[in-house]
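Novice: Starting from the given sequences, assemble the full structure and let the hints guide the process.
First to last, the protein sequences are chains A and B.
For the first sequence, my numbering assigns the number 1 to the initial residue and increments by one for each residue that follows.
For the second sequence, my numbering assigns the number 1 to the initial residue and increments by one for each residue that follows.
Think of the hints as simulated: they come from the structure by calculation, not from any bench.
Predicted model, so just to flag it, every value in this text is computed and none were measured.
No residue lacks a Cβ here, since even glycine has one placed at the ideal position from N, Cα and C.
Just so you know, not all the hints are guaranteed correct.
The calculated lysine-lysine pairs, modelled on DSS-like cross-linking and capped at a C-alpha distance of 30 Å, are [unchecked claim]:
no., chain 1, residue 1, chain 2, residue 2
1, B, LYS107, A, LYS432
2, A, LYS107, A, LYS11
3, A, LYS207, A, LYS122
4, A, LYS107, B, LYS432
5, B, LYS428, A, LYS16
6, A, LYS16, B, LYS350
7, B, LYS107, A, LYS16
8, B, LYS107, A, LYS11
9, B, LYS350, A, LYS350
10, A, LYS350, B, LYS107
11, B, LYS11, B, LYS122
12, B, LYS11, A, LYS107
13, B, LYS122, A, LYS107
14, A, LYS432, B, LYS350
15, B, LYS432, A, LYS11
16, A, LYS428, B, LYS11
17, A, LYS432, A, LYS11
18, A, LYS107, A, LYS16
19, A, LYS428, A, LYS11
20, B, LYS11, A, LYS350
21, A, LYS107, B, LYS16
22, B, LYS107, A, LYS428
Residues of chain B placed beyond 12 Å of chain A at every Cβ, according to the derived structure [what the hints assert, rightly or not]:
no., residue
23, ALA146
24, GLN197
25, ASP399
26, ARG402
Number of protein chains: 2
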Amino acid sequence: MAKKRKPHRPKARLPKGMRDLGHDELRAMGTMLATIARVYETYGFEPLDTPAFEYTDALGKFLPDEDRPNEGVFSFEDEDGQWLSLRYDLTAPLARYVAANWDSLPKPFRRYQTGPVWRNEKPGPGRFRQFTQFDADTVGTDNVAADAELCMLAAETLETLGIARGDYVVRINNRKLLDAVLERAGIDPFAEENARQRLTVLRAIDKLDRLGLEGVEHLLGEGRRDESGDFTEGARLAPDQIETVLAFVSAGAEGRGETLEALEQLAGESETGRAGLEELANMDALLSAAGFGPDRVRIDPGVVRGLDYYTGPVFEAELTFEAEGEDGAVRRFGSVGGGGRYDGLVARFKGTVVPATGFSIGVSRLQAALTALGKLGAGEGGAAGPCVVLVMDGERIADYQRMAMELRAAGIRAEMYVGSSGMRAQMKYADKRAAPCVVIQGEEERARGEVTIKDLIEGARLSAEIADNREWREGRPAQFSVPEDELAAAVRDVLARHRA
Amino acid sequence: MAKKRKPHRPKARLPKGMRDLGHDELRAMGTMLATIARVYETYGFEPLDTPAFEYTDALGKFLPDEDRPNEGVFSFEDEDGQWLSLRYDLTAPLARYVAANWDSLPKPFRRYQTGPVWRNEKPGPGRFRQFTQFDADTVGTDNVAADAELCMLAAETLETLGIARGDYVVRINNRKLLDAVLERAGIDPFAEENARQRLTVLRAIDKLDRLGLEGVEHLLGEGRRDESGDFTEGARLAPDQIETVLAFVSAGAEGRGETLEALEQLAGESETGRAGLEELANMDALLSAAGFGPDRVRIDPGVVRGLDYYTGPVFEAELTFEAEGEDGAVRRFGSVGGGGRYDGLVARFKGTVVPATGFSIGVSRLQAALTALGKLGAGEGGAAGPCVVLVMDGERIADYQRMAMELRAAGIRAEMYVGSSGMRAQMKYADKRAAPCVVIQGEEERARGEVTIKDLIEGARLSAEIADNREWREGRPAQFSVPEDELAAAVRDVLARHRA
Chain A
1 MAKKRKPHRP KARLPKGMRD LGHDELRAMG TMLATIARVY ETYGFEPLDT
51 PAFEYTDALG KFLPDEDRPN EGVFSFEDED GQWLSLRYDL TAPLARYVAA
101 NWDSLPKPFR RYQTGPVWRN EKPGPGRFRQ FTQFDADTVG TDNVAADAEL
151 CMLAAETLET LGIARGDYVV RINNRKLLDA VLERAGIDPF AEENARQRLT
201 VLRAIDKLDR LGLEGVEHLL GEGRRDESGD FTEGARLAPD QIETVLAFVS
251 AGAEGRGETL EALEQLAGES ETGRAGLEEL ANMDALLSAA GFGPDRVRID
301 PGVVRGLDYY TGPVFEAELT FEAEGEDGAV RRFGSVGGGG RYDGLVARFK
351 GTVVPATGFS IGVSRLQAAL TALGKLGAGE GGAAGPCVVL VMDGERIADY
401 QRMAMELRAA GIRAEMYVGS SGMRAQMKYA DKRAAPCVVI QGEEERARGE
451 VTIKDLIEGA RLSAEIADNR EWREGRPAQF SVPEDELAAA VRDVLARHRA
Chain B
1 MAKKRKPHRP KARLPKGMRD LGHDELRAMG TMLATIARVY ETYGFEPLDT
51 PAFEYTDALG KFLPDEDRPN EGVFSFEDED GQWLSLRYDL TAPLARYVAA
101 NWDSLPKPFR RYQTGPVWRN EKPGPGRFRQ FTQFDADTVG TDNVAADAEL
151 CMLAAETLET LGIARGDYVV RINNRKLLDA VLERAGIDPF AEENARQRLT
201 VLRAIDKLDR LGLEGVEHLL GEGRRDESGD FTEGARLAPD QIETVLAFVS
251 AGAEGRGETL EALEQLAGES ETGRAGLEEL ANMDALLSAA GFGPDRVRID
301 PGVVRGLDYY TGPVFEAELT FEAEGEDGAV RRFGSVGGGG RYDGLVARFK
351 GTVVPATGFS IGVSRLQAAL TALGKLGAGE GGAAGPCVVL VMDGERIADY
401 QRMAMELRAA GIRAEMYVGS SGMRAQMKYA DKRAAPCVVI QGEEERARGE
451 VTIKDLIEGA RLSAEIADNR EWREGRPAQF SVPEDELAAA VRDVLARHRA
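Specialist: What follows is the structure, given as structure tokens:
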């Protein structure tokens, strides 16, 4: 018997690690992004947008080969054989943009950019393969005033979003100091053959927050096995080298001056160390002069950032309060953004060094924190559902349509029900849409030249109070009739009542 | 001799068919998108966001095979071997979303969505491989009130954006009428074997605007050779069939009633035709009752839309005025959006038909038109450049930083120059940033406890007037000094002067 071919019916599912965003989340995100943009504009940054993908070689680092075209990024071949990749951050496209437009740009060039980035990595809880970043960068100056400014910008942005002083801290450090400490431990940080070990040290320190000093100690040495049994290879430093590095990362004190003194002892011998100290001291002076004390910006040698390309100051914005997450567990939100100086990225294209520094916000993490704080409620910045005009008589939809128009003309969010179901389904629809009220005109009302307005918010409140169902139904509470020409005014009253 | 390996230096270039958006264009776009969203919200639509890519089979139509994985879309293989594609519109992801979340959605489901889409096609002037769409859809009802509403929404959106009544028209038609006309010409529009011919007819009529009746006549027959010599295969209809189709597409009159009568003659015989006529008549009645006359929404049988999946009403929003484009040439902008009813898209997943209708705006085209109309000036909705505090003495940047902060605290967009160049370069920088003024405090001013404000806008104006260079320099026009503590007030005065 020949098999009958069934029509192919694809499954309706999201690619793994991706998500849809509904209206509450989108509105909250919109409000948040607009606030960030407003602060960045005040600081003189200008918006820029670059496309979702770039030539893979322009993104660097991830050049695909025939066997593994997708190492960390999503890559595909153009019809002319050139490889393209979805951007994995907003910094690499900025470097391409700056290199391509250098001559016509104001120098320094200051831009902000927000948008999705993509990572071809294993997704996990709260770890998506598409997520949004919000970056500000200053390109074309080695003046650490630009770095200090980004730290102030980070602090001011968090405060403008409603995070109280004391509930966050911007931690700063300088890569040159770490290099000096490595030199002191007998490892030349600039030698090609030490590059991998240096990166392993960076990544080990970057986990300080999560694993504590003991965990970092293992990662600086032979390696570490986590609870799941997975083993992470260590940097294989000798015990005295580990001690030197750990002394450095724990040298942070409350005051910036105090920390600077401690660092002087640990890293002040070499030229590299002195350069790093001078940069930190300059940033400290600028921050102090601008009134940004150590309650807002702290020097913390434990902050190094995991990325290879930073060359000087690095910073991390961290939320220090505890709050309930989406899963109900209480925890610190931790880092919501970070950045630093990267003097080599544009040089990849131009050959000459173009110093640059930037700060990047992880939008979802920050949004989750603000939501937990109640600073971005579902309704905040958005609208409640629309007022719904019910269709009581299919022959009269032109009349109902006119009522919806009349409400909209009065500035009220309103729609006529455009489905084909009965009264019960329409009420259910209005509920699902979070409609504040519905407008009803059946035969009776029409004969009297009236419309009925049912206040759904008041109705829900009363319904919770009144136990007796019959009493409830007979009383028809929270609904009233008005003459047709008073519709808009009456709905406006209902909305105003609930806004108060 | 062994070749020396040079370091690989990638070229800083955009992938072909892609573009960067600078701040003027981005601000104008932001203003425009916010206005559209505001109107859509008033009509009761809610925002939704879906990821940039979907499983290729969920997007449908473009299922890649091993040899040509990129037919019209950008596709790549996930690590588990499944194919992914960047979305080529916002409708296919909506269908996936609705099918996946059907049970929990309000019905009908009304959403709007904006974002980039990608097409793997040959780029050309004004034709990019990434562009932005803005869609509104109502899913889950076959009531043409939903279609009529989208036409009103389109008209109201264009007017809210500043396009005068009379400068645009929304043209509507119904696919069922075209099917009835094909039946009348002896072609069964629903027969599988005629699918390709029917699509060729659709695409031929869709070019009416560009090629005129004669061009369409060729495309309905043997085919057409354009000026470049390229030949497009025709639908191979017989002369009398062509006549029948052309009579239909030219049946549009000024008034909607008149057009409906003409269509009654041409397509009223069959069941399909009568169904289409009834839908159009219902839309006409709703539009008339809502005050949308034929100056805003016209019935035009020449509008069919090129896409295969429309099943009932189709609509197209067109700008009818002429304006100068970016290239200086005067032309009509034509279609800036369109849509229609597509009852089969969700059925691909669910098996059961879920009727739907939508309207999509081509954002760049509309933005170009609004810019040409002067409705979205470069400055509009955005800010002028920041006020720049010059660095006259590198030792005193903490003081300059404080001045910039003071200005920001007063609500003024301001920055300290963070580069390392001299006065001349700093002035050039301020010019490039379109700074309205610069703030200067050299040794002299400091000794007097004063700051100097140089009004760059007034300066540019005077410089155009004054011919004698020496007189100009000596007069130091458009600059004045104030006591330090009057800085913010004085800058605010300068800004207010230019705003008036």
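Novice: Now look at each hint and say whether the structure bears it out.
Specialist: Comparing the hints with the structure gives:
| no. | hint | result |
| --- | --- | --- |
| 1 | B/LYS107 - A/LYS432 | holds (9 Å) |
| 2 | A/LYS107 - A/LYS11 | violated (52 Å) |
| 3 | A/LYS207 - A/LYS122 | holds (19 Å) |
| 4 | A/LYS107 - B/LYS432 | holds (9 Å) |
| 5 | B/LYS428 - A/LYS16 | violated (50 Å) |
| 6 | A/LYS16 - B/LYS350 | holds (20 Å) |
| 7 | B/LYS107 - A/LYS16 | holds (27 Å) |
| 8 | B/LYS107 - A/LYS11 | holds (21 Å) |
| 9 | B/LYS350 - A/LYS350 | violated (53 Å) |
| 10 | A/LYS350 - B/LYS107 | violated (56 Å) |
| 11 | B/LYS11 - B/LYS122 | holds (22 Å) |
| 12 | B/LYS11 - A/LYS107 | holds (21 Å) |
| 13 | B/LYS122 - A/LYS107 | violated (35 Å) |
| 14 | A/LYS432 - B/LYS350 | holds (22 Å) |
| 15 | B/LYS432 - A/LYS11 | violated (53 Å) |
| 16 | A/LYS428 - B/LYS11 | violated (58 Å) |
| 17 | A/LYS432 - A/LYS11 | holds (26 Å) |
| 18 | A/LYS107 - A/LYS16 | violated (42 Å) |
| 19 | A/LYS428 - A/LYS11 | holds (28 Å) |
| 20 | B/LYS11 - A/LYS350 | holds (9 Å) |
| 21 | A/LYS107 - B/LYS16 | holds (27 Å) |
| 22 | B/LYS107 - A/LYS428 | holds (9 Å) |
| 23 | ALA146 | violated (4 Å) |
| 24 | GLN197 | holds (22 Å) |
| 25 | ASP399 | violated (7 Å) |
| 26 | ARG402 | violated (6 Å) |
The earlier numbered hints that this structure contradicts are 2, 5, 9, 10, 13, 15, 16, 18, 23, 25 and 26.
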